[in-house]
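Novice: Please construct the entire structure, taking both the sequences and the accompanying hints into account.
Chains as they are written, first to last, in my numbering: chain A, 2 to 89; chain B, 2 to 89; chain C, 2 to 89; chain D, 2 to 89.
In case anyone wonders, no lab produced these hints; they're calculated from the structure. Nothing here was measured: the structure is a model prediction, and the numbers come from that model. Be aware that a few hints might be false.
Identical copies go unnamed one by one, so any copy, or any two together, can satisfy a pair.
Said to hold, decoys possible - Below, computed lysine-lysine pairings styled on DSS-like, alpha-carbon distance capped at 25 Å:
id	residue 1	residue 2
1	K10	K55
2	K56	K10
3	K56	K4
4	K74	K56
4 protein chains.
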Amino acid sequence: MTKHAQSLKLLNTARGQLEAVIRMVEENAYCVDISKQILATIALLKRANSVILKKHIETCVKNALQQGDFENKLKELEEVFRYMERIL
Amino acid sequence: MTKHAQSLKLLNTARGQLEAVIRMVEENAYCVDISKQILATIALLKRANSVILKKHIETCVKNALQQGDFENKLKELEEVFRYMERIL
Amino acid sequence: MTKHAQSLKLLNTARGQLEAVIRMVEENAYCVDISKQILATIALLKRANSVILKKHIETCVKNALQQGDFENKLKELEEVFRYMERIL
Amino acid sequence: MTKHAQSLKLLNTARGQLEAVIRMVEENAYCVDISKQILATIALLKRANSVILKKHIETCVKNALQQGDFENKLKELEEVFRYMERIL
Numbered sequence: 002m003t004k005h006a007q008s009l010k011l012l013n014t015a016r017g018q019l020e021a022v023i024r025m026v027e028e029n030a031y032c033v034d035i036s037k038q039i040l041a042t043i044a045l046l047k048r049a050n051s052v053i054l055k056k057h058i059e060t061c062v063k064n065a066l067q068q069g070d071f072e073n074k075l076k077e078l079e080e081v082f083r084y085m086e087r088i089l
Numbered sequence: 002m003t004k005h006a007q008s009l010k011l012l013n014t015a016r017g018q019l020e021a022v023i024r025m026v027e028e029n030a031y032c033v034d035i036s037k038q039i040l041a042t043i044a045l046l047k048r049a050n051s052v053i054l055k056k057h058i059e060t061c062v063k064n065a066l067q068q069g070d071f072e073n074k075l076k077e078l079e080e081v082f083r084y085m086e087r088i089l
Numbered sequence: 002m003t004k005h006a007q008s009l010k011l012l013n014t015a016r017g018q019l020e021a022v023i024r025m026v027e028e029n030a031y032c033v034d035i036s037k038q039i040l041a042t043i044a045l046l047k048r049a050n051s052v053i054l055k056k057h058i059e060t061c062v063k064n065a066l067q068q069g070d071f072e073n074k075l076k077e078l079e080e081v082f083r084y085m086e087r088i089l
Numbered sequence: 002m003t004k005h006a007q008s009l010k011l012l013n014t015a016r017g018q019l020e021a022v023i024r025m026v027e028e029n030a031y032c033v034d035i036s037k038q039i040l041a042t043i044a045l046l047k048r049a050n051s052v053i054l055k056k057h058i059e060t061c062v063k064n065a066l067q068q069g070d071f072e073n074k075l076k077e078l079e080e081v082f083r084y085m086e087r088i089l
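Specialist: As structure tokens, then:
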């Protein structure tokens, strides 16, 4: 099982949901129902993002720390927090 | 041009971006880059949601109001605000 | 009971929580604990915002609609959705 | 200058803003204006949270890493990401 099996599952579900949203829009479904599906897709992507970052910390960051190379990794984590502040 | 042309364009861009994210995960791209792409997709979906709700107000809600039928429409708007509070 | 009794209660709780956060920072409490308290305050404010908007729809918007004056009210609701998209 | 000078400034501004919001509610100001002020306060708190986490990484996490003690710190960062996913 690749380290991203869980996030891949979430991302594929989000893709299926997004395709359903696009069909709803093309078939002129009710706007409020479309909005709810978009928000549900956003919730899935937020979950996938957390899982990706969790795996990142458990693997990439941890491996780098074991080799004493953490300056870069810490800078990246700060950047991710900023991204999340701006977008979420 | 259908009333949802703008949101459809945003949603299709978001789908393309999500497919790129899935490829990145499958090809074991760097986690932080994957996270940034997921967050960028979320930003697109938030935009699409706003556009959908704008059109909803300008068409469905307005038409209903002109026929004096607004109880239902107002209840729905309250529900959308609650959805957005919980998910965004 | 004023129409904003519920939101006022939430806002006052949020203020108390924010004052506690400021004390934690001044007393050099652990950063992760401070972050959790800030996020909890944000959750309270998101709740208060939903309650305010619910009351707005049930009173201001409804009254205006009954007098057939809805153009302005609808424009405002669109604006609120855009604000929520950008900030939440 | 304490390491939290910047976040303290943001938090104090947010407190002043929240007090203004409470006054607006007590004086029955227009709901949409109240909502905008609450959202502006949330934006300030999100900024303060990012600054707190940046300082956390630059000081607490970095010091711990230099002493080879990172298991705990990494677990905490995972938790913060989860908190941010749920609340932001």
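Novice: Can you give the numbers of the hints that this structure goes against, from lowest to highest?
Specialist: Violated: none.
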